[in-house]
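Each residue of the sequence shown is one higher than the one before, counting from 16 in the working numbering.
If you're looking for bench data, these hints aren't it; they were derived computationally from the structure. Owing to the predicted nature of the structure, the values given are computational and were not obtained by experimental measurement. It is possible that some hints are incorrect.
[As the list claims (entries may be wrong)] Between beta-carbon pairs, the in silico distance windows are:
#	residue 1	residue 2	range
1	His-294	Pro-188	38 to 44 Å
2	Asn-28	Val-101	28 to 34 Å
3	Asp-167	Gln-293	38 to 44 Å
4	Gly-254	Glu-66	26 to 32 Å
5	Ile-217	Glu-66	23 to 29 Å
Ideal placement from N, C-alpha and C gives every residue a C-beta, glycine not left out.
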Amino acid sequence: MSLGHLRGELRINEPLMRYTSWRVGGPADRYYKPADGDDLAEFMHRLPTGESILWIGLGSNLLIRDGGFRGTTVSIHGVLDTVRRVDDTRIFVEAGVHCARLAKLAASWGLAGGEFFAGIPGTIGGALAMNAGAWGGETWSVVRSVNVIGRDGSTRTLGAEAFEIGYRSVTPPEPHLWFVAAELELQPDENGGAAGRIRDMIAERKAKQPVGKPSCGSVFRNPTGDHAARLIEAAGLKGHQIGDAEVSTKHANFIINRGHALAADIESLITQVRETVQHKFAVDLVPEVRIVGEVA
Numbered sequence: 016m017s018l019g020h021l022r023g024e025l026r027i028n029e030p031l032m033r034y035t036s037w038r039v040g041g042p043a044d045r046y047y048k049p050a051d052g053d054d055l056a057e058f059m060h061r062l063p064t065g066e067s068i069l070w071i072g073l074g075s076n077l078l079i080r081d082g083g084f085r086g087t088t089v090s091i092h093g094v095l096d097t098v099r100r101v102d103d104t105r106i107f108v109e110a111g112v113h114c115a116r117l118a119k120l121a122a123s124w125g126l127a128g129g130e131f132f133a134g135i136p137g138t139i140g141g142a143l144a145m146n147a148g149a150w151g152g153e154t155w156s157v158v159r160s161v162n163v164i165g166r167d168g169s170t171r172t173l174g175a176e177a178f179e180i181g182y183r184s185v186t187p188p189e190p191h192l193w194f195v196a197a198e199l200e201l202q203p204d205e206n207g208g209a210a211g212r213i214r215d216m217i218a219e220r221k222a223k224q225p226v227g228k229p230s231c232g233s234v235f236r237n238p239t240g241d242h243a244a245r246l247i248e249a250a251g252l253k254g255h256q257i258g259d260a261e262v263s264t265k266h267a268n269f270i271i272n273r274g275h276a277l278a279a280d281i282e283s284l285i286t287q288v289r290e291t292v293q294h295k296f297a298v299d300l301v302p303e304v305r306i307v308g309e310v311a
């Protein structure tokens, strides 16, 4: 497609391993980083009907196969990056904002209820798409409304009630809608403890999770009344490897890339973990990670 008056950056056959937290993934047919929201809307309007679209923020919670993505990848991190206070309790935040940045800003504004965002290793857009959570908090518990964009580039605002929300799942009222912003409702930080809680959460995360190692965050949803990490560890899978993909010895619900893993290694390890836990405990671990693209 011709850029015409578009102001963003279009790349052809762009390796997606550069944009995923696992550092794996084959090339996208087309990769576009818009200049701003208006440019994004114009780009979406020009895309051919039926074009496959993959949105990427920080590339966490995402496994792109080694054969890459047949279609267009849209990168929003660092583009849709506005955060502002609307009033005493409401915050407007765009989809490309890092969740940890939102948590810290909210605390600095004297607001509580958003501390859990500090434990989500991705952007607000991804958190909205999957109802991401950490430390007992979930994204949609504080969502008041969202701004969405359609395939034709049109944008609109929808109330939270328009979506069906579940544990790590969000069903929109119609297909082909992507999140570009949200308005969140928090509460006053009466005792001034929000910033301290964030520091404690970050310290606990560093102590218990393989921070600094290429991973996607948690791989599996926690089954009702249990924890995926406990089951994986009880199955004797901590430290188990396929190629350079390894079940973390620090936290069993993380799979890390030791340096040269292929997406195929990671996907095979996910499958093996599921099969082993199913065989030993009759529990089907449901992946939290989204797997897309073509097998090499």
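* Asked: Against which earlier hints does the structure fall short, listed by number upward?
  -> 2, 4, 5
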